[in-house]
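Novice: If you want the building blocks of each chain, they are given just below.
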Amino acid sequence: MRVPVGMPLRESEAIVLRTTRLGEADKIVSLLTRQWGRLRAVAAGARRPKSRWGALFEPMTHLRAWIFERENRDLLRMNSADLIESFFDMQKEYRIQVATNYLGEVTERLLPEREANERAFRLLVAVLKGLKVSGEVNRPLGYFDYWMLKLGGFLPDFERCHNCGRDMGQGAFYGPGSEGLVCRDCKPPAAASPLPKNDLRTMALACSQPLDKWLRTQRVGDSIRVRLFLEEVIRTHAERELVTVGMLKEEG
Amino acid sequence: MKDYAEPLARLIEELKRLPGIGQKSAQRIAFHLQRVPREEAERLAAAVHEVKDKIRLCSRCNNLTDRDICEFCSDPTRSADVICVVESPFNVVAIEKTREFHGQYHVLHGALSPLQGIGPEQLKIKSLLERLKGGVKELIIATNPNVEGEATAIYLSKLIKPLGVRVTRIAMGIPVGSELDFADEVTMLKAIEGRREI
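Taken in order, these protein sequences are the chains called A and B.
Read left to right, the first sequence gives residues 0 to 251 (numbering that gives the first Met the number 0).
Read left to right, the second sequence gives residues 0 to 197 (numbering that gives the first Met the number 0).
Hints are computed from structural coordinates only; laboratory data are not their basis.
One or more of the hints may lead you astray.
[What the hints assert, rightly or not] Under the rule of at most 30 Å between Cα atoms (straight-line distance), these lysine-lysine pairs were calculated in the DSS-like manner:
(1) A/Lys-248 with B/Lys-53
(2) B/Lys-189 with B/Lys-157
(3) A/Lys-131 with B/Lys-160
(4) B/Lys-160 with B/Lys-123
(5) A/Lys-131 with A/Lys-49
(6) B/Lys-53 with B/Lys-123
(7) A/Lys-91 with B/Lys-51
(8) A/Lys-248 with B/Lys-160
(9) B/Lys-123 with A/Lys-91
(10) A/Lys-131 with B/Lys-157
(11) A/Lys-128 with B/Lys-125
(12) B/Lys-189 with A/Lys-49
(13) A/Lys-248 with B/Lys-125
(14) B/Lys-132 with A/Lys-91
(15) A/Lys-91 with B/Lys-136
(16) B/Lys-136 with B/Lys-189
(17) A/Lys-212 with A/Lys-248
(18) A/Lys-91 with B/Lys-23
(19) A/Lys-248 with A/Lys-186
(20) A/Lys-131 with B/Lys-189
(21) B/Lys-23 with A/Lys-49
(22) B/Lys-157 with B/Lys-53
(23) B/Lys-125 with B/Lys-157
(24) B/Lys-189 with A/Lys-128
(25) B/Lys-136 with B/Lys-51
(26) B/Lys-123 with A/Lys-248
(27) A/Lys-212 with A/Lys-149
(28) B/Lys-160 with A/Lys-91
(29) B/Lys-53 with B/Lys-1
(30) B/Lys-96 with B/Lys-53
(31) B/Lys-157 with A/Lys-91
(32) B/Lys-125 with A/Lys-91
(33) B/Lys-23 with B/Lys-1
(34) B/Lys-96 with A/Lys-49
Kindly produce the complete structure, drawing on both the sequences and the hints.
Specialist: And the structure:
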């Protein structure tokens, strides 16, 4: 393929995070690419009924994309794309749709544009596969939250108080806007009920293995409470309310 | 120095707010409106006013109408046994073009889209459930064939099937007049899943 001068061609695996309408027939596709990080590109004609793109740009589709970059233009241009794996069918379930939208929203909020992060890309692919295979929301999202925070360097200490640095004993607390867990003495007034240390340890242990391996085992401990805490930390670092968090709570 | 006289600049700014209208198109339309006879420009302004004053939602199906009950709901020749559920009033027009559907409509005004903050509460689902109490036999779900439309369709079917109403979904697959070679894997799969005996 001939690449026009001044218009470098990029080829990369990518996950579609979300799409927005552009003009009469086009779409702006927000992508997390394996090699180039988060990008936004225009897919011309993607909304036409006879479009060659078809279902490629549905949220969370894993594809191989060929993208042109044009000088002095913020938006890139998608030249071609091939499907690697579709996650269309699993999102028929509303609670899975809410979960995948949460993945997309957190990825867009926490990862800066045009900064390669291959580990985040691999994490997203693994979590999507986990959702697809298990049909379960809690453990895949907990795994995603844990590793997104860890990759960003924001993962709180599960053993020591964020405030005073002492061992938290058997119960750890957090409240709205928390960046970490605190001990009983430092507990904020609006703190939720304590997170048992055992749950935190179980979560850390579970997240130290591949997600598919964790999903093959029986559930141990109550990971949902730890997940809610990790979600709170993500909200704090996103510095903006996440639309999908409330909906996740409604769906249990 | 300003590029345009203040009233013209304001008109261009207002036109740019319209969907699909950029700076160039806005300039072209504004200069055109300045050139046309006054009556023509006033007809346009009056039409905009009339739409804002008279158009509202049908109290039964939520389609756009200038009466309390829209023409589809009040037409005695249309069957009230079958309701076609669509996302927007545009979709009603698309289905009407086929001239093959003789039932009534229900407009949801959106589809489930968590990223845009649209959950079941934001859609016109309660009024649909009310309508089903009137002895509806079939509900055709014609939401868009994308993730949001599919999730909405499945959500509605789970809600409505237990009420004893037949729930069907419009087919997905290869567009008429295109070629199989150009179909992507997901569309092809949907076409095979939705095959029918001939």
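Novice: If a hint holds in the structure, say so; if it does not, say that too.
Specialist: Evaluation of the provided hints:
no. : hint                     : in the structure
1   : A/Lys-248 with B/Lys-53  : 40 Å, violated
2   : B/Lys-189 with B/Lys-157 : 21 Å, holds
3   : A/Lys-131 with B/Lys-160 : 25 Å, holds
4   : B/Lys-160 with B/Lys-123 : 18 Å, holds
5   : A/Lys-131 with A/Lys-49  : 28 Å, holds
6   : B/Lys-53 with B/Lys-123  : 21 Å, holds
7   : A/Lys-91 with B/Lys-51   : 37 Å, violated
8   : A/Lys-248 with B/Lys-160 : 26 Å, holds
9   : B/Lys-123 with A/Lys-91  : 19 Å, holds
10  : A/Lys-131 with B/Lys-157 : 20 Å, holds
11  : A/Lys-128 with B/Lys-125 : 35 Å, violated
12  : B/Lys-189 with A/Lys-49  : 15 Å, holds
13  : A/Lys-248 with B/Lys-125 : 22 Å, holds
14  : B/Lys-132 with A/Lys-91  : 26 Å, holds
15  : A/Lys-91 with B/Lys-136  : 24 Å, holds
16  : B/Lys-136 with B/Lys-189 : 26 Å, holds
17  : A/Lys-212 with A/Lys-248 : 26 Å, holds
18  : A/Lys-91 with B/Lys-23   : 41 Å, violated
19  : A/Lys-248 with A/Lys-186 : 23 Å, holds
20  : A/Lys-131 with B/Lys-189 : 18 Å, holds
21  : B/Lys-23 with A/Lys-49   : 29 Å, holds
22  : B/Lys-157 with B/Lys-53  : 36 Å, violated
23  : B/Lys-125 with B/Lys-157 : 14 Å, holds
24  : B/Lys-189 with A/Lys-128 : 20 Å, holds
25  : B/Lys-136 with B/Lys-51  : 36 Å, violated
26  : B/Lys-123 with A/Lys-248 : 22 Å, holds
27  : A/Lys-212 with A/Lys-149 : 19 Å, holds
28  : B/Lys-160 with A/Lys-91  : 16 Å, holds
29  : B/Lys-53 with B/Lys-1    : 38 Å, violated
30  : B/Lys-96 with B/Lys-53   : 24 Å, holds
31  : B/Lys-157 with A/Lys-91  : 11 Å, holds
32  : B/Lys-125 with A/Lys-91  : 21 Å, holds
33  : B/Lys-23 with B/Lys-1    : 17 Å, holds
34  : B/Lys-96 with A/Lys-49   : 19 Å, holds
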